[in-house]
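There are 2 protein chains.
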Amino acid sequence: MVAGKDMSGQLEWSVNVPNGRSEILVPESGAVNRVCLGIKGLVVGFVLKIWRFLEKAWNLGVSEPKKVIHCVKVGMALSIVSLFYYMRPLYEGVGGNAMWAVMTVVVVFEYTVGATLCKCINRATGTFLAGSLGIGVHWVASQSDEKIQPVILGISVFLLASAATFSRFIPSVKARFDYGAMIFILTFSLVSVSGYRVDKLFDYAHQRLSTIAIGTSICIIISMLLCPIWAGDELHRLTIRNLKKLADSLDGCVTEYFKEDETESINEKDTNNNNLQGYKCVLNSKATEESMANFARWEPAHGHFNFRHPWKQYLKIGAAMRNCACCIETLNGRINSEIQAPEFLKRHLSDVCKRLSSHSSIVLEEMATTMKTMRKSSKIDLLVGEMNFAVEDLQNALESLPKQLMISSPLLAIEASNDAKEELIMKPILIPLMDILPLATVVTLLIEITVRIEGIVDAVEELADQAEFKPQSDQKKSKQNQPATDDHDDETVKTLQKV
Amino acid sequence: MVAGKDMSGQLEWSVNVPNGRSEILVPESGAVNRVCLGIKGLVVGFVLKIWRFLEKAWNLGVSEPKKVIHCVKVGMALSIVSLFYYMRPLYEGVGGNAMWAVMTVVVVFEYTVGATLCKCINRATGTFLAGSLGIGVHWVASQSDEKIQPVILGISVFLLASAATFSRFIPSVKARFDYGAMIFILTFSLVSVSGYRVDKLFDYAHQRLSTIAIGTSICIIISMLLCPIWAGDELHRLTIRNLKKLADSLDGCVTEYFKEDETESINEKDTNNNNLQGYKCVLNSKATEESMANFARWEPAHGHFNFRHPWKQYLKIGAAMRNCACCIETLNGRINSEIQAPEFLKRHLSDVCKRLSSHSSIVLEEMATTMKTMRKSSKIDLLVGEMNFAVEDLQNALESLPKQLMISSPLLAIEASNDAKEELIMKPILIPLMDILPLATVVTLLIEITVRIEGIVDAVEELADQAEFKPQSDQKKSKQNQPATDDHDDETVKTLQKV
Numbered sequence: 001m002v003a004g005k006d007m008s009g010q011l012e013w014s015v016n017v018p019n020g021r022s023e024i025l026v027p028e029s030g031a032v033n034r035v036c037l038g039i040k041g042l043v044v045g046f047v048l049k050i051w052r053f054l055e056k057a058w059n060l061g062v063s064e065p066k067k068v069i070h071c072v073k074v075g076m077a078l079s080i081v082s083l084f085y086y087m088r089p090l091y092e093g094v095g096g097n098a099m100w101a102v103m104t105v106v107v108v109f110e111y112t113v114g115a116t117l118c119k120c121i122n123r124a125t126g127t128f129l130a131g132s133l134g135i136g137v138h139w140v141a142s143q144s145d146e147k148i149q150p151v152i153l154g155i156s157v158f159l160l161a162s163a164a165t166f167s168r169f170i171p172s173v174k175a176r177f178d179y180g181a182m183i184f185i186l187t188f189s190l191v192s193v194s195g196y197r198v199d200k201l202f203d204y205a206h207q208r209l210s211t212i213a214i215g216t217s218i219c220i221i222i223s224m225l226l227c228p229i230w231a232g233d234e235l236h237r238l239t240i241r242n243l244k245k246l247a248d249s250l251d252g253c254v255t256e257y258f259k260e261d262e263t264e265s266i267n268e269k270d271t272n273n274n275n276l277q278g279y280k281c282v283l284n285s286k287a288t289e290e291s292m293a294n295f296a297r298w299e300p301a302h303g304h305f306n307f308r309h310p311w312k313q314y315l316k317i318g319a320a321m322r323n324c325a326c327c328i329e330t331l332n333g334r335i336n337s338e339i340q341a342p343e344f345l346k347r348h349l350s351d352v353c354k355r356l357s358s359h360s361s362i363v364l365e366e367m368a369t370t371m372k373t374m375r376k377s378s379k380i381d382l383l384v385g386e387m388n389f390a391v392e393d394l395q396n397a398l399e400s401l402p403k404q405l406m407i408s409s410p411l412l413a414i415e416a417s418n419d420a421k422e423e424l425i426m427k428p429i430l431i432p433l434m435d436i437l438p439l440a441t442v443v444t445l446l447i448e449i450t451v452r453i454e455g456i457v458d459a460v461e462e463l464a465d466q467a468e469f470k471p472q473s474d475q476k477k478s479k480q481n482q483p484a485t486d487d488h489d490d491e492t493v494k495t496l497q498k499v
Numbered sequence: 001m002v003a004g005k006d007m008s009g010q011l012e013w014s015v016n017v018p019n020g021r022s023e024i025l026v027p028e029s030g031a032v033n034r035v036c037l038g039i040k041g042l043v044v045g046f047v048l049k050i051w052r053f054l055e056k057a058w059n060l061g062v063s064e065p066k067k068v069i070h071c072v073k074v075g076m077a078l079s080i081v082s083l084f085y086y087m088r089p090l091y092e093g094v095g096g097n098a099m100w101a102v103m104t105v106v107v108v109f110e111y112t113v114g115a116t117l118c119k120c121i122n123r124a125t126g127t128f129l130a131g132s133l134g135i136g137v138h139w140v141a142s143q144s145d146e147k148i149q150p151v152i153l154g155i156s157v158f159l160l161a162s163a164a165t166f167s168r169f170i171p172s173v174k175a176r177f178d179y180g181a182m183i184f185i186l187t188f189s190l191v192s193v194s195g196y197r198v199d200k201l202f203d204y205a206h207q208r209l210s211t212i213a214i215g216t217s218i219c220i221i222i223s224m225l226l227c228p229i230w231a232g233d234e235l236h237r238l239t240i241r242n243l244k245k246l247a248d249s250l251d252g253c254v255t256e257y258f259k260e261d262e263t264e265s266i267n268e269k270d271t272n273n274n275n276l277q278g279y280k281c282v283l284n285s286k287a288t289e290e291s292m293a294n295f296a297r298w299e300p301a302h303g304h305f306n307f308r309h310p311w312k313q314y315l316k317i318g319a320a321m322r323n324c325a326c327c328i329e330t331l332n333g334r335i336n337s338e339i340q341a342p343e344f345l346k347r348h349l350s351d352v353c354k355r356l357s358s359h360s361s362i363v364l365e366e367m368a369t370t371m372k373t374m375r376k377s378s379k380i381d382l383l384v385g386e387m388n389f390a391v392e393d394l395q396n397a398l399e400s401l402p403k404q405l406m407i408s409s410p411l412l413a414i415e416a417s418n419d420a421k422e423e424l425i426m427k428p429i430l431i432p433l434m435d436i437l438p439l440a441t442v443v444t445l446l447i448e449i450t451v452r453i454e455g456i457v458d459a460v461e462e463l464a465d466q467a468e469f470k471p472q473s474d475q476k477k478s479k480q481n482q483p484a485t486d487d488h489d490d491e492t493v494k495t496l497q498k499v
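Protein chains in written order, with the UniProt record's numbering: chain Y, 1 to 499; chain Z, 1 to 499.
If you are wondering where the hints come from, they were derived from the structure by calculation, not from laboratory data.
Heads up, a few of these hints could be off.
When chains are identical, the list treats them as one kind, so a pair holds in a single copy or across two.
What the hints assert, rightly or not - Lysine-lysine pairs mimicking DSSO-like chemistry, simulated, CA-CA at most 30 Å apart: (1) K174 / K67; (2) K66 / K259; (3) K244 / K49; (4) K67 / K286; (5) K174 / K244; (6) K56 / K174; (7) K67 / K280; (8) K316 / K147.
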């Protein structure tokens, strides 16, 4: 017999089996199951989250193998520096202070050679200065009464730490010696204060310096000799990439604005949109450029770059590019605007505008080539001239617009009544200003963009002068050598952006 | 007798005095003097350089007293933590490892509370995780043969250090746990490797953790209790300042474009230029905003802000503002452009354009007030409506332009021959498109700016919803309380910008 009982508000089923006992039927899809499902969901969610994280990491690794190499280099540097623990003679050589060497490697090893050098030099200088000062203050304190000693030490720590902290707010110090100032505070506090407890202070300072020297030299050697990643090189590539992106964006924007065919496949649209958005990278790369340029100044001569390569000029090029990108962003805003110019007007100017934009992007691409090959362009004047001719063409097209419309008006007049036809052909058509507005803006923006592109050209030419680029003679040879690696690099970056 | 001799290429004068000796005349204005002058110049130059540096620092301190307070706080924290050296019971309490506490204070104490908290939590977590893992790996190694021990330790250091370094490249980790990952590598290397030499590894790890706890708690207490500088507060103020700057820039640009009187004093021009350039600060504040928003998330509830205040929304407001600033930058470019619209056209549109720009800046200022008082604005819909009416007015003015010109043409016609006068009055004047172009662009840009300002309004209203701003009821009361401090702040910032 099967009976249903309501116990404590829950329905429970029991079966009276033949031997007199009644067995409770536990509902399979009940609380336990729900808990199981919940846990299962949590675990699956957690695993999925980790999986996605790992996938992201894997994609990052695949798209930027340099970063993976950097990680291997850090691992290697740490393994090497830990030899100071494993090998007794080495360990005793640094008086059991191998810890500082390990710490130095962890803290100082950065992605680019320039950053590593900057930190190494800052750390060494900061430690040395603060160490000497700390020993001096400690000597002064030790000459005085034992009770006043902590007071002197405390006040000196307070004053110097405050002053050094303040110096870190001053832009010129912050840009180059921020880390050094921190190490100065750290070492000064440690040396002067611990001098109160440590007897052989001089030995202590000496050991610290020597372990730091060991750590920094391991870092410098590994980061410079094993697949070095130069900040200068990265900055140079970034600038070239940004120039290309600007060219693509400009071309893409103008094509998009004047395109007539709406039956574009979604794929094409996506690619086009990606190209269009390139100017955003340019707008956002200020901070990266500044830190790269800052680190590049610490780097020795490498590749095509001298020790005194004018890295600051790259910032000027960057500023000129952002200036231009701002204009392209406004232009891009016009594409998505609701108010559009009448089609016949657009058609009239489509060709001249497209020609101007293609001439402008050719100039930008020529600049990218100049930087890539590091040779002065022989044809840049010609190209800028052509761009300016295109501007003139556009202006002429605008000026001839009323006349042109008079000629093309019969087409429109067909729709008008026959009586008025004669009149329409004879009179110039008055285009309401509101209709011209959107197109006029696009035209002005295009002209403005050419002006700003000339700013970029000037900045690049100044760089070419300062860095003494050679004239373009055997350009073809160098073109054959370089693009292969660089194109690969560009693809890498595009993949990264998707990540 | 006086004789000139040429010795070793230099002219030398000697005087034969009566007693037969000849004395060499040393030219007073010669080499020694020149060296003296050179040294003097160097010293003066050096002193001047230092003087200028100190002046800069002083100005920075005067304009941003918060930074000076921060420096004093760092000095205090260090003085307090060094008590662990001076007082014997404290020193012995941490087993002579007071060094780690000092180090923690130096490394962890940051300008804002959020940054300090972020670093403290990262440091504590990183140390704890890496310490446990290090002890585990050390235990595994200690079970094996003594010769294999360094190999196991070395491989584990290599693998974990590489992995942790790689994780620092992943954007989500980099934003929040960059410092923690570094501390993880540091502690893991130290614990696992030094375990090879240090006997009481557990004690070592325990002491490190406790000293770090001491250091971090001193930092947190001092940074939160003594004149705390909240990242969230700074971000909030920055956003308000940027809104005001946008409003000033827009107004300034339009006034500058339509101004007729060229006899402006240089002082006025300077002030105006300063106002005009405000949008540049907006364009450049992306990095600051991001780091502030990142730190603000670590902060507890403070002032008007809850723990879960929607800091991310500030980034959206920032993006909307930069979007608008880009347009203003293009507009600003038009002011300095060589091609200008004819004066009579400008005069015709001057009033409507100025009205539109003033309505737009009123909307921006209302947004600034909304954020400052943290109360939903009751009149924003009205103000946006007025702005849109102004847009319509501008459009109407443009549409009526041909007719208007017909009316105003007699003025122009006076210059024409009397015969043609009648004709001129009757016919509409055809303005060449090239002449309209610059003005048309300015008009379109102004309209585009209003669209983007609506984007800002949407973003701020979303913030008001998310942060549950109260409706504006006792607005006047809060207005009386707040502006005094904020205005002072604004002045501070302006002074700083001059520095």
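Structure-based check of each hint:
| no. | hint | in the structure |
| --- | --- | --- |
| 1 | K174 / K67 | both (26 Å within a copy, 14 Å between copies) |
| 2 | K66 / K259 | neither (40 Å within a copy, 55 Å between copies) |
| 3 | K244 / K49 | neither (36 Å within a copy, 42 Å between copies) |
| 4 | K67 / K286 | both (21 Å within a copy, 25 Å between copies) |
| 5 | K174 / K244 | between (32 Å within a copy, 28 Å between copies) |
| 6 | K56 / K174 | between (34 Å within a copy, 14 Å between copies) |
| 7 | K67 / K280 | within (24 Å within a copy, 34 Å between copies) |
| 8 | K316 / K147 | neither (58 Å within a copy, 58 Å between copies) |
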